[in-house]
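Q: Sequence:
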Amino acid sequence: MSLAFQPIDTGALSMTDNKRKIVELLKSIETGDPSPVAYIDAAKYIQHNLAVGDGLAGFGAVLQQLPKGSARVNTVRVFEDGDYVFAHTDYNFFGPKIGFDVFRFENGKIVEHWDNLQETAPAPNLSGHTMVDGPTEAVDLGATETNKALVHAFVTDILVGGKVDLLPGYIEGDSYVQHNPNIADGLSGLGRALEAMAKAGITMKYERIHRVLGEGNFVLVASEGELAGRASAFYDLFRVEQGKIAEHWDTIETIAPRADWKHENGKF
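Under the working numbering, the sequence shown is numbered contiguously, ending at residue 349.
Source of the hints: derived by calculation from the structure; they are not laboratory data.
Glycine residues also receive a C-beta, built at the ideal position from the N, C-alpha and C atoms.
There could be a bad hint or two in this list.
Derived CB-CB ranges, DEER-like [said to hold, decoys possible]:
| # | residue 1 | residue 2 | range |
| --- | --- | --- | --- |
| 1 | Ser-256 | Glu-218 | 15 to 25 Å |
| 2 | Gly-141 | Gly-215 | 31 to 41 Å |
| 3 | Glu-307 | Ala-124 | 29 to 39 Å |
| 4 | Ala-277 | Gly-223 | 32 to 42 Å |
| 5 | Gln-145 | Ala-277 | 38 to 48 Å |
| 6 | Gly-215 | Gly-243 | 22 to 32 Å |
| 7 | Thr-335 | Gly-215 | 18 to 28 Å |
| 8 | Lys-280 | Gly-176 | 42 to 52 Å |
| 9 | Gly-176 | Gly-310 | 22 to 32 Å |
Using the sequences and the hints, build the whole thing.
A: See below:
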């Protein structure tokens, strides 16, 4: 069963000018409309997707490789933090994928792009959640920096530091909603998933936080580490409620060997 491309009304999302540009640019991958490419500063554009060549030429070359009419793009969430806009998108891009894209703006133009893509799960997780469903609109905008600090501390203590005894201070027990396709809701679901991984000999290690971005009660963290012995990029989106983490979405992508990189800008 495929869960990709369920209609989501992105018109209902709160749009600033930069958010709108990103939604239109991503949608142009599907429609073939060339006009949103004008939002990119061709002289400065830096690409961090390791499978795509640098600059505007690299972006164009990948689009030309797509089988005609195959692309689908449904941006579910889009948030803004200073010069950065980050989007959570349901794709068919050389196959069904869920992606986080981060764009940096200078003077109203896109000058840099990072992303993290994972194949779309074929079914909901054990709690019935897909990789993209749930709330889409940021609230509590005045709490952005407080929420970013909370999430940064959580990733530092728990995911990097392994201080699992501190989990109850960050997550509200079994009211925690999980969108990872392999983990059920709540601390109990997380515990069962970690136990199953340990029994299977699968290790997951977060080693370094590269970026923390947020708008209101939504915070995205881009981190680097290892999954099952392979260098991996972890993009985790958290929703904060009343000072604790209430909901989580993520994508995990293996970092290609350096010999396969299409540029020297790095993943992060």
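Q: Now look at each hint and say whether the structure bears it out.
A: Structure-based check of all given hints:
1. The given range of 15 to 25 Å is respected by Ser-256 and Glu-218, whose C-beta atoms sit roughly 20 Å from each other.
2. Separation of Gly-141 from Gly-215 is about 34 Å and conforms to the stated range, judged on CB atoms against 31 to 41 Å.
3. Between Glu-307 and Ala-124 the beta carbons are some 37 Å apart, a value that agrees with the proposed interval 29 to 39 Å.
4. Separation of Ala-277 from Gly-223 is about 40 Å and conforms to the stated range, judged on CB atoms against 32 to 42 Å.
5. The hinted window of 38 to 48 Å between Gln-145 and Ala-277 holds, with their beta carbons roughly 42 Å apart.
6. Under the hint 22 to 32 Å, the C-beta atoms of Gly-215 and Gly-243, about 27 Å apart, fit the expected range.
7. A C-beta distance of roughly 26 Å is found between Thr-335 and Gly-215, which places it inside the suggested range of 18 to 28 Å.
8. Distance hint check for Lys-280 and Gly-176: the Cβ-Cβ separation is about 30 Å, which falls outside the suggested range of 42 to 52 Å.
9. The hint said 22 to 32 Å for the Cβ distance between Gly-176 and Gly-310, and at roughly 24 Å that hint holds.
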